[in-house]
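Undergrad: Chains as they are written, first to last, in the numbering used here: chain D, 845 to 1087; chain L, 845 to 1087.
Think of the hints as simulated: they come from the structure by calculation, not from any bench. By construction, the Cβ of each residue, glycine as well, lies at the ideal position given by its N, Cα and C atoms. Careful, some of the hints might be misleading.
These stretches of chain D come out as covered by chain L in the derived footprint (C-beta under 8 Å, 3 or more residues) [claimed, not checked]:
hint: 1; stretch: 934-945
hint: 2; stretch: 960-967
hint: 3; stretch: 1000-1010
hint: 4; stretch: 1054-1061
Protein chains: 2
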Amino acid sequence: MSEPAYDLWYWPSIQGRGEFVRLFMAAADIAYCDRARSGDAQDLVEDMEQRTESGDFAPYAPPYLVERESGFAIAQVAHILAWLTDKHQLGTGDAATDLHLVQLQLTITDIVAEVHDTHHPVAGGLYYDDQKDAASKAAEAFREERIPKYLDHFEAALAVKAGPFMSGTNWSHVDTSLFQLVEGLRYAFPRRMTALAADYPALISCHDAVAQIDGVAKYVASQRRIAFNEDGIFRHYEELDDE
Amino acid sequence: MSEPAYDLWYWPSIQGRGEFVRLFMAAADIAYCDRARSGDAQDLVEDMEQRTESGDFAPYAPPYLVERESGFAIAQVAHILAWLTDKHQLGTGDAATDLHLVQLQLTITDIVAEVHDTHHPVAGGLYYDDQKDAASKAAEAFREERIPKYLDHFEAALAVKAGPFMSGTNWSHVDTSLFQLVEGLRYAFPRRMTALAADYPALISCHDAVAQIDGVAKYVASQRRIAFNEDGIFRHYEELDDE
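Only chain D is shown next, with the shape it has when bound in the complex (with noise of 0.2 Å):
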């Protein structure tokens, strides 16, 4: 096997943003080196600083990915995905459908913002416990508006084409974030992703569909997916979540 192309680096102990860019690399088959899996925390500090003091244009947070060949590092998921699917052309072949998929990966990118602060609504600095009241509030302004908000969009935008897929019978980024905002949505809101099921069958077949392409398949099965958990951006606590 060659030497992978890519360094990815992220936090070492959550999914977090990193994942929709490990999922979209899996179903690519683009290998990688998982710098949050080979190193520390500490690891990440250090080279985000050593960016940052270098002169050039540096990320302001993970994830970012970097091309070995080049140097080169990119952050921002939604640009990270938009710049592998043109270097692997990985695109529809149409350009107005390419750019309104990452117009859809954007508007993932900001529900995946508002999930992260229905549990830190007030200050990603401070503890959970010491935001529980305006927590519990923020969550169920989230459940009630705007996941439905959110999932009618995709829902409507997944009936533009045949689908299983955003763009047809091919996968593209947004699909492999969709199957990764499903499984976060229903890790952190059970109750309230099981009574709002039926209301989005082309969202869960998008999400199955993704599940049985190969790459992803033996992505998700495998160690390197290492499970959610309650440091990450999609948490479950119990009195958050409602039908």
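Assemble chain L onto chain D, guided by the hints.
TA: Just chain L now, kept in the frame of chain D:
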């Protein structure tokens, strides 16, 4: 004067996210019809509904830009700005730099969302008065931790090239957006921004240089630039500001 090639759709009563698109188009002297100024909110709601029902990919939320000739619609500020940059050949000519600029624009997107959450930490659908306690704590954390973290990042990035702009002597979408970020933060948190000003000379220089771009100067002095207000993203609530 020829017919504009674009329609920009956004909420009529605020600068909001639409303003980042307006400032870029003003700087680049790209003609467009501002549908937020020629119509009301109901027109926007109806256009959004019609797009969702059309069976094509629709925006999740405004702002979105429509290319009149093709009917192609694109949403998400960073995505619109990257697309316009390519289309109007306003890139730097260096692919890696252009990608870094998009990455920086996406980081501006992140801080803009956090600014909004200072006055609406619990839920966008609730009134400010119903989340004032949480907002007070959220704004404190934003002022003390998040503003410096983001502005340190932009200041370091501005040091990569000689300036005054992010990629050197030519402005890009990142510069027009940093101008608006500084304008908005000064409006919302005047005491905090005054206290911090000396720490960010490159950012302030960039802001001041953008203000002198011919199209920006004309736009900002015109009636088309509506004032910041307490329905927008950057809001001034006396109780949320402090040194």
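Undergrad: All the hints need checking, so say for each whether the structure fits it.
TA: Hints, verified against the model:
Against chain L, the stretch 934-945 of chain D contributes 4 residues with a C-beta closer than 8 Å to a partner C-beta. That satisfies the three-residue criterion, and the hint holds. With 4 residues bearing a CB less than 8 Å from a CB of chain L, the stretch 960-967 of chain D meets the requirement of three and the coverage assertion stands. Three residues within the 8 Å Cβ limit are the bar, and the stretch 1000-1010 of chain D against chain L gives 4, so the coverage statement holds. By the rule of at least three residues with a Cβ nearer than 8 Å to a Cβ of chain L, the coverage given for the stretch 1054-1061 of chain D is violated, with 0 such residues.
Violated hints amount to a single one, hint 4; each of the other numbered hints is respected by the structure.
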